[in-house]
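Student: Listed below, chain by chain, are the residues.
Number of protein chains: 2
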Amino acid sequence: MTEQPSGTPTAPKSVPAPRDRHLRDMADCIRFLSMDAVQKAKSGHPGAPMGMADIATVLFKEFMQFDAADPHWLDRDRFVLSNGHGSMLLYSLLYLTGYADMPVEELERFRQVGSKTPGHPEYRHADGIELTTGPLGQGIAESVGMALGERIMNATFGDDLVNHYTYVFLGDGCLMEGISQEAISLAGHLKLGRLIAFWDNNSISIDGATSLSVSDNEIERFRASGWYVLEIDGHDTDAIRNAITTARGIEDQPTLIACKTIIGFGFPTKAGTQKAHSDAPGEEEIAGARKILGWDSPPFVIPEELLKEWRAIGEKGRTARMAWAERVKNTPEDLRREFERRTRGELPVNWKAAIAAAREEFIKSGADMATRQASGAVLNHLFDAIPEMLGGSADLTPSNNTKAKNQVEITPGHYDGSYIHYGVREHGMAAAMNGLALHGGLIPYGGTFLCFSDYCRPAIRLAAMMRIRTIFVMTHDSIGLGEDGPTHQPVEHLAALRAIPHLGVYRPGDPVETAECWELILEQPRRAALIALSRQPMPLLRKEAGTENKSARGAYVLLEAQGGPRQLTLIATGSELHLAVEVREIMQKEGVPTAVVSMPCRLLFEEQDRQYQKSVLGDTAARVAIEAAVELGWERYIGFEGKFVGMHDFGESGKIQDVYAKFDITTDAIVRTAREVVASLKG
Amino acid sequence: MTEQPSGTPTAPKSVPAPRDRHLRDMADCIRFLSMDAVQKAKSGHPGAPMGMADIATVLFKEFMQFDAADPHWLDRDRFVLSNGHGSMLLYSLLYLTGYADMPVEELERFRQVGSKTPGHPEYRHADGIELTTGPLGQGIAESVGMALGERIMNATFGDDLVNHYTYVFLGDGCLMEGISQEAISLAGHLKLGRLIAFWDNNSISIDGATSLSVSDNEIERFRASGWYVLEIDGHDTDAIRNAITTARGIEDQPTLIACKTIIGFGFPTKAGTQKAHSDAPGEEEIAGARKILGWDSPPFVIPEELLKEWRAIGEKGRTARMAWAERVKNTPEDLRREFERRTRGELPVNWKAAIAAAREEFIKSGADMATRQASGAVLNHLFDAIPEMLGGSADLTPSNNTKAKNQVEITPGHYDGSYIHYGVREHGMAAAMNGLALHGGLIPYGGTFLCFSDYCRPAIRLAAMMRIRTIFVMTHDSIGLGEDGPTHQPVEHLAALRAIPHLGVYRPGDPVETAECWELILEQPRRAALIALSRQPMPLLRKEAGTENKSARGAYVLLEAQGGPRQLTLIATGSELHLAVEVREIMQKEGVPTAVVSMPCRLLFEEQDRQYQKSVLGDTAARVAIEAAVELGWERYIGFEGKFVGMHDFGESGKIQDVYAKFDITTDAIVRTAREVVASLKG
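Keeping their order, the protein sequence lines are chains A and B. Using the numbering used here, you'd call the opening residue of the first sequence number 1 and step up by one each time. Using the numbering used here, you'd call the opening residue of the second sequence number 1 and step up by one each time.
Hints in this document: simulated from the structure, not taken from any laboratory. Incorrect hints may have been included.
Stated by the list, open to error - In silico DSS-like links for lysine-lysine, alpha-carbon gap of 30 Å or less: (1) A/K655 / B/K40; (2) B/K42 / A/K662; (3) A/K682 / B/K643; (4) A/K682 / B/K682.
In isolation and in its complexed conformation, chain A is listed as follows (with noise of 0.2 Å):
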């Protein structure tokens, strides 16, 4: 049935002859390189190494801005392999262009326990790696954020602080993902001239030729997002290097050069077909290229005189690197100092002020708020303490309470500002702000509602394992949203995000809360993190004076048993922790010595010493969880004897107070749960 049976080449196996001898050569040591390792680790991807060879070469050889021994030089280019899974073109560049944590050896323990090379790039795991890459369509989406960001300091350091290119290689899977094209839409939007990609097209994926499952025409998709387009074939050096000047030249829109390439280019038998794709070639294949290539070199030894040369585009950049300090020198002591500040990710000195500003304002005012109102309230405050905070919303703005009062919106073509409408694109906007992060000197955060953290998971995901501080504004965070409906209604999803590693997943219980749990989340520059924010208003809760940040444990004795020793905890977050606080009040009535604990960070509490654990959760077993989403993970902390009042099941579309009652989680069932558990440990 097929028109195109899986594995028929739809590009020429041979070789073309090259225009240039001497960059194929150069390209040959990538293709050899990745070749070897993925041959030695009997695993791996040759294929997208050996076909973007030529490309990478001439752009790391005559364009790109870079200083091998300064692999954090703020106003580097940077280059972002999206088709992470080449990652030996990535390694075989750094070891070939001299990065000192990146010798051959490492190369050898290429997809090894324990080496710098894992099958996927990782970020921190060797300099010169600018992201974690893998999950398709991530890279570019991020790249969007970092040509983003470079732009923003532009804006605010002027040319000659930061003045650089964000460079992305992609592949067919890139374009097929959704987040693409909330990538590139936001992209040719926002007019980033200076974002220049360069697609693999090399018509084959893993089930086969591309055409058994996709018809697009990428170059005028792209160019209906306001994309410049060029179409080269990817292995003709001049034609690379005339379409790189030309996107440079383009101010005022990104570029995608369309590269035809040649699927593991060199293979004798594999080329052009998926067999070049994935997993190790074998020795004959390799034997062949070595042969069709001119390659007499044993595995992993680059020619002296070629090895020499890379490693001279290594340094090639030392001149405009040391241009550069010298003009940071020269620049106002005070813009100078802030530039500093910021790129090395510290916050201003008297941040916390801004943060004790808005406690005193909540406690002042008493009045009941929802906690996005709250954080509304915080980051109006931050605002002016921390300029390097950039907000943003996927289209729910005046929702997630995310703009401050004097927040400037950035638009197409002016970068002055730090509001960010990401439009209806919650993945690409994840993804972005991890880029933001990336590229240093900002402090991204942005909201959705709670429920399409789903939709952005993915790149959340990444965020927590870079362990970066890209910060997630999840608003409306329970059935509490009312109306909407269980579409909307986040149930299972506060257990979902606490099941990620590293994640800081916040969901505060009051206003005060709210502003210990932004302080929480600025701290802490190496950590991800969410913040679960209710729709509906709630009580203050928290009314002592002082700054102390009760919620920096995870959890705290909000409110001790009174009247003898504990018979009961009740723990609690968000929004229905003044439940329990109600809840303990009857108890107390009824002889019942009962504590409030407030829970808002599980991360954090799970990080604290066994005594300080124990003394929050008391020495009765009789606990009851109170929280309006799913059990799952609640266990831990209630045991065997206790119990949960939460959610069951999905929600329902109705008035707040009626869904609540639907579900059972009201004062009266809350009660009667503590009634119980109480009488069965009496019993």
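Position chain B against the provided structure of chain A, taking the given hints into account.
Tutor: Chain B only, in chain A's frame:
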């Protein structure tokens, strides 16, 4: 800074004179029901129903083939409201056309607990609601599955039995979501000419004018994906009629009808602005609309003549339906019975023989086998037994083992097959599968890596919520995938998926359990399921003869303790089950009577009675749970005294045995933990 400040109207507010006064009156029925219901609920979205009322009127009056008296007629045209927040458009249509379970009282109870008119349309809440929508982009993506399902059923049963259209309304938000790109790309590729989409091109979203965040040329974007595109004035009834007629004539391309509309058409001050999008308009605004549109009926009252005409629309399909029923009756008996069986969602009488055959094959061979391979073998048997099973993969066919030996591929324009190359479009695939399941007559399953369940969570959630039989086949289900590393190694995914209400998450521990899980998945027509499968081989543990499905109760005692009452219970799933078996042997030798519990499906286990649960978990509190994933949720079974052996961090790239060793998921480590647990209970 904004070039287009929030709130600026971009569409004319004045109401253009209608070409057809009568059609305008009919459309106004929708408009007033919508605004009155939103006003009464003090909540909702009047803008879209008012903007799209003219389109809906022409579509339903002159084209939609349906019979309100038989909402489940298989050959009806499908109507999908992808911009689900405009739910009052749909509820108005259902009431007006006379669906028995949608009296006007339900419209008056819009957005109240227990009503048939929740904030967003919910499948199974009322007849005529074809699917649950609200999370943006899902509707257009599911409609691709519906339209594809129609063609597949048509290919099997012919024009006489299956021959209808799928019409979709969608908004700007749907188009900004990445999933829409996956959907339109797939629909264009597959040449789904029976799919006709109407874009509510009103240039307004919640933050303000869409120009705040998007500059795409949507027309060119759709054309780039092979769609036929028409642009019309969405209030010009002649243009609407002509466009639909043209679209129905296009056989091999889906059609987008881009309809320029005024959001909140008829509102005196809010029309054409984002103020019309959400929230109750206020009595004054509605009074103004009554004046402008010349409408003097009280709220919820439709003038008799107009209602009569709408009711006639609800009946006009009756003749066609009777003729269809006649054709069904005249169909050769075998084909008719097959058609009726499939459309009822019933499995063939002898289908379980396929499961039994697969089991027998596994036991006879006795070989180690990855559960993904076992799943592939089961599918080979099922392919012959259940012809309505429709497979596919998001470009991982050889890895997911989703394609049965004789399965024929569906290709553009050729629908006489049962395997779909979905491309690297996990989200689009998941949503399309939902649409295929909703269409009726088909049982869709599709594969990707478990890690990329994150990419399709919004669609998985809807499958669970709609209680439809969509089957997600997710392989490479732990760090056991090895070299691809943490970006591809699921760690938190099992917990995150188990958190979704009603979703059956299965993780079989050997080939026989794999067959059992497939059996359980298929025999529950009202439960979405996800089966997590290993990349790596594991030993056959279930060697007994017979066909008893031990997995049916979610967990069971695989091996009971010997030599005395149980002193230790090991609970495991999937690829860790054989580790538990090995550890049991060691513990038994050490004189600790040890049982192994296999728990392939937590959800089914939770549905058992307490007594069974206790009998499986055992009396002793000494329990160790083993799963190469995060602990979240396991506390429920291990309690305070038990322990968990699994993952506490993201994974690592490396050989499988090295990775397991690195994270201490080995028999040695489990034995150490087991000894500790047993000792601590004795001490």
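Student: Could you grab the alpha-carbon distance between A/K655 and B/K40 and see if it respects the 30 Å cut-off?
Tutor: 12 Å, holds
Student: Are A/K682 and B/K682 close enough, with their CA atoms no more than 30 Å apart?
Tutor: 25 Å, holds
Student: For the pair supplied as a hint, B/K42 and A/K662, confirm whether the alpha-carbon distance does not exceed 30 Å.
Tutor: 20 Å, holds
Student: Is the hinted pair A/K682 and B/K643 satisfied, with a Cα-Cα distance of at most 30 Å?
Tutor: 27 Å, holds
The structure meets every hint from the earlier list without exception.
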